[in-house]
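Asker: Protein chains in written order, with the working numbering: chain Y, 5 to 1003; chain A, 5 to 1003.
Keep in mind the hints are simulated off the structure, nothing from the lab. Do not take every clue at face value.
[To be verified] Dumping the calculated EDC-like pairs for lysine to aspartate or glutamate here, alpha-carbon to alpha-carbon at most 16 Å: (1) Lys360(Y) / Glu713(A); (2) Lys764(A) / Asp959(A); (3) Lys811(Y) / Asp879(Y); (4) Lys577(Y) / Glu704(A); (5) Lys120(A) / Glu821(A); (6) Lys353(A) / Glu157(Y); (7) Lys176(Y) / Glu157(Y); (8) Lys577(A) / Glu628(Y); (9) Lys412(Y) / Asp422(Y); (10) Lys106(A) / Asp344(Y); (11) Lys255(A) / Glu172(A); (12) Lys158(Y) / Asp146(Y); (13) Lys923(Y) / Asp558(Y); (14) Lys175(A) / Glu157(A); (15) Lys268(A) / Asp251(A); (16) Lys255(Y) / Glu172(Y); (17) Lys577(A) / Asp146(Y); (18) Lys120(Y) / Asp893(A); (19) Lys889(Y) / Asp558(A); (20) Lys577(Y) / Glu628(A); (21) Lys353(Y) / Asp344(A); (22) Lys106(Y) / Asp344(A); (23) Lys669(Y) / Glu813(Y); (24) Lys824(Y) / Glu765(Y); (25) Lys889(Y) / Glu821(A); (26) Lys923(A) / Asp558(A); (27) Lys360(A) / Asp344(Y); (28) Lys889(A) / Glu112(Y); (29) Lys853(A) / Glu713(A); (30) Lys503(A) / Asp455(A); (31) Lys120(A) / Glu765(Y); (32) Lys889(Y) / Glu172(A); (33) Lys812(Y) / Asp422(Y); (34) Lys889(A) / Glu116(Y); (35) Lys889(A) / Glu821(Y).
Just so it is clear, the structure is predicted and the values come from calculations on it, not from any experiment.
There are 2 protein chains.
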Amino acid sequence: MKVQVNEGVLTYMEADAVPEAQGSTNPTGPDGPQSRNSVVICQAVGQSIFTSSVSSAAGRVGFLLQKEEGKEASCPVLFIQLNELFSTPDGLQWKQTARWIKFEEKVEDGGERWSKPHITALSLHSLFELRTCIKKGMVLLDLDAHSLKQIVEKVTATQIDAHALRPEVRKKLTSVLLCTPQHHTTKSQLRIVAELGAACCRDKAHNRSDPGAEISEAPLKEQLKNQFQKKIPAEAEVSNILVGEVDFLEKPFIAFIRLQEAVKLGALTEVAFPSRFLFILLGPRAKVKAYHEIGRAVATVLTDELFQRVACQAQDREDLVAGIDEFLDELTVLPPGKWDPTIRIPPPKCLPSPHKRISRHLREWKSHCKGNMSAADDRYTHGHQPVSEELQRTGRLFGGLVNDIRRKAPWYWSDFYDALNVQCFSAILYIYLATVTNAITFGGMLGDATDNMQGVLESFLGTAVAGAVFCLFAGQPLTILSSTGPVLVFERLLFSFSKDYSLDYLEFRLWIGLWVAFFGLILVATEASYLVQYFTRFTEEGFCALISFIFIYDAVKKMLSLAGSFPVNWDYKINDVTLYGCICNSSGTGNASMLTEMLLPAPGSTGMQQGLEAANWSLLTRTECSRVGGHLVGNSCNYIPDITFMAFILFLGTFLCSMTLKSFKTSRYFPTALRKLVSDFSIILAILIFCGIDAILGLETPKLIVPSEFKPTNSQRGWVVFPLGVNPWWVCLVSTVPAVLVIILIFMDQQITAVILNRKEYRLQKGAGFHLDLFCVSLLMILTSVTGLPWYVSATVISLAHMDSLKKESTTSAPGEQPKFLGIREQRLTGLVVFILTGVSVFLAPVLKYIPMPVLYGVFLYMGVAALNSIQFMDRIQLLLMPTKHQPDFMYLRHVPLRRVHLFTLIQMLCLAALWILKSTVAAIIFPVMLLALVGIRKAMECIFSRQDLSWLDDIMPEDDRKEEEEKLQRSQEKEESDSEDSEFTYQEKGPEINISVN
Amino acid sequence: MKVQVNEGVLTYMEADAVPEAQGSTNPTGPDGPQSRNSVVICQAVGQSIFTSSVSSAAGRVGFLLQKEEGKEASCPVLFIQLNELFSTPDGLQWKQTARWIKFEEKVEDGGERWSKPHITALSLHSLFELRTCIKKGMVLLDLDAHSLKQIVEKVTATQIDAHALRPEVRKKLTSVLLCTPQHHTTKSQLRIVAELGAACCRDKAHNRSDPGAEISEAPLKEQLKNQFQKKIPAEAEVSNILVGEVDFLEKPFIAFIRLQEAVKLGALTEVAFPSRFLFILLGPRAKVKAYHEIGRAVATVLTDELFQRVACQAQDREDLVAGIDEFLDELTVLPPGKWDPTIRIPPPKCLPSPHKRISRHLREWKSHCKGNMSAADDRYTHGHQPVSEELQRTGRLFGGLVNDIRRKAPWYWSDFYDALNVQCFSAILYIYLATVTNAITFGGMLGDATDNMQGVLESFLGTAVAGAVFCLFAGQPLTILSSTGPVLVFERLLFSFSKDYSLDYLEFRLWIGLWVAFFGLILVATEASYLVQYFTRFTEEGFCALISFIFIYDAVKKMLSLAGSFPVNWDYKINDVTLYGCICNSSGTGNASMLTEMLLPAPGSTGMQQGLEAANWSLLTRTECSRVGGHLVGNSCNYIPDITFMAFILFLGTFLCSMTLKSFKTSRYFPTALRKLVSDFSIILAILIFCGIDAILGLETPKLIVPSEFKPTNSQRGWVVFPLGVNPWWVCLVSTVPAVLVIILIFMDQQITAVILNRKEYRLQKGAGFHLDLFCVSLLMILTSVTGLPWYVSATVISLAHMDSLKKESTTSAPGEQPKFLGIREQRLTGLVVFILTGVSVFLAPVLKYIPMPVLYGVFLYMGVAALNSIQFMDRIQLLLMPTKHQPDFMYLRHVPLRRVHLFTLIQMLCLAALWILKSTVAAIIFPVMLLALVGIRKAMECIFSRQDLSWLDDIMPEDDRKEEEEKLQRSQEKEESDSEDSEFTYQEKGPEINISVN
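For reference, chain Y alone in the conformation it holds in the complex (with noise of 0.2 Å):
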């Protein structure tokens, strides 16, 4: 029995649930009409092992999504409201108890608020009892109404029609249909605490309508200001659901309804957005948790992408049925007793791609219908990832710097004005006061190192113009550059054999530099930097590893020095304070007469001096009394009380309170926005915080010196090198030897921060500039030597201290969904800016000298320990000490096994120890070579490790063709074979556990 009406196709009752539904008993028995029902269960469940075909669902399922393929307007976001109805003394009442957009918000019982969004938990029983309800309610299709009155006299009018309804009931219904719902709205917390004055006694008289109030036509104020707006993207449309039960119905009344054009239905939703599906489920009493669990149910199907598209496509109730039935057919199931289902569980970190099952769906049909199940051929291909565009050789000279230029000419002016942004303030801020103490630190060790050939000026100076430079025209202007430990061992090296062999150091450092340069330039040339591809993870992590180490432990390193500055009298007794002192005394060469010049200014003391002089000894400060070349005698002058005490204080308190303000983001407390500044601003608040502790106490802690006059640091050198003038003329063909070895230094150096900070998982979108990189650096080698100052690289530790502040997040649209991380703001003015500001440094003196040492040197602790924190190594260091079933639940875990984890770790710990050896020998200098041992450590790995445990614990190495084709057959074999552990790939990515920041 079909019954055409001129809205549209309305398919009502078919004959067989006629007799059910109008109460009276099944006439033909459990295998009648009942069954018919059931097969298509049966056969919903996808392909059995005892049958072979798709089922009949999957068929209608994949017909209608088929249809909708070639269509762009898929689906809009649906927003889905739940509405019961409850009596109150005032009589019957709807009011909102649920709402969905991609995950379940309930209305707390009595807490009158959201429930936080979780994953739907339904039983089983629910959706069987929905599915009855389409099979056996009114469908109505593409009915055309325009307001809810009308919607519900045509529903009323079908169904007594179709004598389903008795017509005295229809007033009643409707009146109870048009009732306006009461939603609850979004308050926030300060309204909360505002209103609780007021709140004691009209405890019951807040925003609720006038229950049997008709639902009104145009939208409320209340739903205009409603906050949840802004989650619902502007296109969305609803779905209301509406369930209850009344005492005038002797069995259920059930619709479901699709309008032929989504309407905006007034009052009827919390928020104004047209409506399209409508379901509607009133029966008599003592059934109310039945009825809400069905109104869960349409809601949960509702919500699903695959139901939606069937939905909107479906011709009649057997589509609805057939998409139901996929639903079911691909549903998850909790065994009883061993889950407890009123637990909320929260929407996991990531999820199936919604198209993925679509077009699975889609292909199943048509390979069904072609006849042939063709392999899946988009599955994930796990392991080696193809080479990325940008290291690709074009076989041309300088055909990669080329192609460099070429990528990122078009970004140029976005570089600037993507800047635009509060977080670029924080990040310059907190690089800017990394840089400045790099800068301090190395132009002190090589001023140290090279006699103050190249100093602290020659440090800021050189800092500034590099990386200024750098960041202007580079291609990865996110680098930060900096002096680095092997070139500082470098410059020692050289300066002492310039000086045994009487060498002008400057000269002979201008021609490495040239050489350097031009090895630079060949490099280029040659495209050399396509090698990097063998910097895999493993060589990566070990550079980064090491560098960070390093970092921690030259602060831990300074901190102790600065122990050493202040001497602590451990000694020291309360009791014998009498006991203490230090004072000046002239004996042996005291220069008296220096003493009397000192004394001279002092008024009307010319005829008294030799009376005054023995007092006066005593008057003298520290340096005064070494002026006049007095020495101090006591069990007091070696010893500087607090001092060393408040600077591990300082040191620890920056460090901790770092490290507490940037997990601050993820703390429940106040609101996201306010976490999110606090977060960015971690390291400044935390250097502010305790600079102000500091100021506020008015020790005398060690504070940051900035150069404060314009020149050179030596005086015997000016700001330009004559090549030739003071050396032999040889020297200059000499110092290729040299040369060989910095350029193996800088080009790993440089490199190995390239990748790192060029890693697939920050989503760069600009490209990377492996050979401009490469480029500017070499160019950059002439500048410096030529002009004298410190050669520089890219810094792998603060580069990504530089990333990691510049991080995009998304804000989250439907509640439940995780933040996505979008990317790195990638631009040039945040670098520019730090190194503009590290040259005008020098006449920023008078504020930079408040902030101590010590703060400083907790900055770089955090620095170390922040980017030693994201990478895999440490988390495989941390496996050794857990019992194997407290370890985390890690991808490579599941497929290798432990003994194998454990032994490539313990390899890769033993490489680090012995890089560590040889930096801090002398053996330094051939550190980048030892770099290059690495990679050939790694390749010599693949005898022990399995390429599939390589590929989880590391990437895999670039091979020849045909080795490559090999592999791809045998993986492609394996992949078959194990079908599980496809399904895990299918959703996760390789690396849940690579962290996308330093954090």
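Based on the hints, put chain A in the right spot on chain Y.
Answerer: Using the frame of chain Y, we list chain A on its own:
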């Protein structure tokens, strides 16, 4: 077609299933036999809104359960092992791929390790497949076989008889089924690391038995050595599931076997337990994933307690199918697309009890038989809990006391031997240090307040005597007695009053003490302790928070006063080191003769006294200087370097270290036993570490000083106070007035603490003794008054710390099960030893003097913070700072509107502030009365808050009977209405937010 075989009931393939199983096409079309199968599914899904009778499946299950009800021995624990057939180069081989006790543990595909225990998430599909398997496959119930060989023989014979198996396949099938399976045994982390060296090359050779070898009958060595055996109860049985694909079968070979008697099947399972159930599924190629999923489905169904009973009792195939249908009916389902089915869900903390589920089934079935549905009467009643037995009034004089003694007496000896555990040792050390510190602190303050009439020594002695007596005889021996703040204030006032009116303080105090004891005994006699029922959580938490804040405040105050005693010279200039000094100056009333005396012992110094004098003044130390009457002159005299900073480092270090070590228990590192040990001894370890640091650095930090001589602090008093002597006679009558104040104070202080310690959450087995406790305290009042020692009542924070250090937790049984809090190690020994040690401490001075005071203050801070963490009030304060959406999912937030929660919190904060102000002023003496006012305020809050709200945020106060009856009625009605709420109660206890411990 039924085949009755002599072994028992063998129901073989129903007529309608045979054609399908034999691979022929289904002759009756979609409405035919397959639909029979499905009708049951629809019936299975419980009560539909369309029909109202109990389904046939529920009926069957109910009948089976009822049969079993009388029997004592229900089903034993089942260990379920899934073996799968893999084809290796050497042929087919069985491998264990998963196991279950309660939760699933999977052998990771490549990881060669057990996964974490997780909930088995199935697809609905696989359960339907399983249902079909049971419907169509062979079901052999009560098979009489004693080895795997016999089983396989009988199964294949039956199949061949039924023409379901070609005879020529039999031999192949038998040999496959009898292959020795390979188990995955659990290895320790150490063994894995140890194996590393040897593991590189012989990767493939580890304990793998020869594939194809026939299964051995005797248990293997590897089985007996298996560590996992310990996790399984001794009476457990095994279920074996064997699935796989072979190439000689054209259609699936399915058998579900229940043995008549459980039989050990040799090497079939990982552990050597007898097997009862076997499920075999072998089928043609290309469905391996489906077979795996069906295997998991069988295992999951078998882990279900309800199905286990059904399977044990089943008479035929239909019973099993009914069991599966009931299982299906109770499934929780998660929608596809919103949940990633590969996520492994960890087992929840608490689970629905299987008994409840089973009894619900039974009840439904019985009520169905009787024809009426009785309302569920065993619902969890939420709200006012019945008055506990300890607090019921007997109406007789001393009735409560007698009951207390009667209740506690049987436990008396166990109170000593229950203490034989290493945990008690840790508790003793921890509480001892806390008690000693407390005794010193209060002793010092009392001495200060009473002019040393009660000093540190009296404090030690009193604590030791009173505490030990209380621990020996009290009702709740976990209580730790201590002086408390209010008592201190009272003593201070009493002393100054006595001084003003020239009364003898100790004698006056004796009379007050005697009166207090008298009143106390009256309170005991009249069973006044029953009033503690009015101390609801509101009062308890207010009091507990106050005491905790006082702990924190005192710790910080002490540290600041310490900084005051060791002043830092904030203006110290390093350069001016020569200008600082401090010398002893004889000017003024310098006592030259004393100096002379001091110098006399020096040899040969008689003649040169005069000359030496000047020089010697400068050699005097601070104490010598003040002894000879000199005074210190100089700008460094008032400063002490480094000590303050060191003290703060020790203070914060101890606090943070305790916190960190305590939380170490939940970290992932190191084996559980070690972590537990560290956590139990966390405070002792922290104290030792920082004492060590202090000792190594050797600075003169303030140390713990214990009295070393046994005599009254003030020499004017003796050890006994006589009642009549100095004071006029009327003093003994006037004493009643302060005595009333003191008894209120004592009663409140004592009983609130007692209520807190005896809370339901701590699951004390030996019961409370409110009356007995008060009785002991009263008697101790007499003792301490007569001997002039301080008065003692229960100390909340230390007692909570005591209980916390004695927590018992279950060692988990099934993998994935949470350790359960089992209660407290209730005994008298720890307290007793603590107080004996406190007494002995007078002689421990040489050891204790190494403990720096800042370390002890750190422990105080820790105790305060730990006690604060345990109360709901703090959670609610934190809620004030959280945006609504980030708030945790506390049960009360689901049921009470947020603004009411905030209002409740604010009222509580105001009360606390008022109490704090009171405590800080002289009005502190009426502090106990204010505690009573708290009860009044709580009572008044019933006007503002609904009973429903209060029952969630607080407990319900007792009321007169009539009102209560009304409430009960109303409440039960509310319950009826909101069924969904009820379902939450069923499984979750009211207070998942109540912390069991002070941590």
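Asker: Tell me the hint numbers this structure goes against, listed in increasing order.
Answerer: Numbers 1, 3, 6, 15, 17, 19, 31, 32, in rising order.
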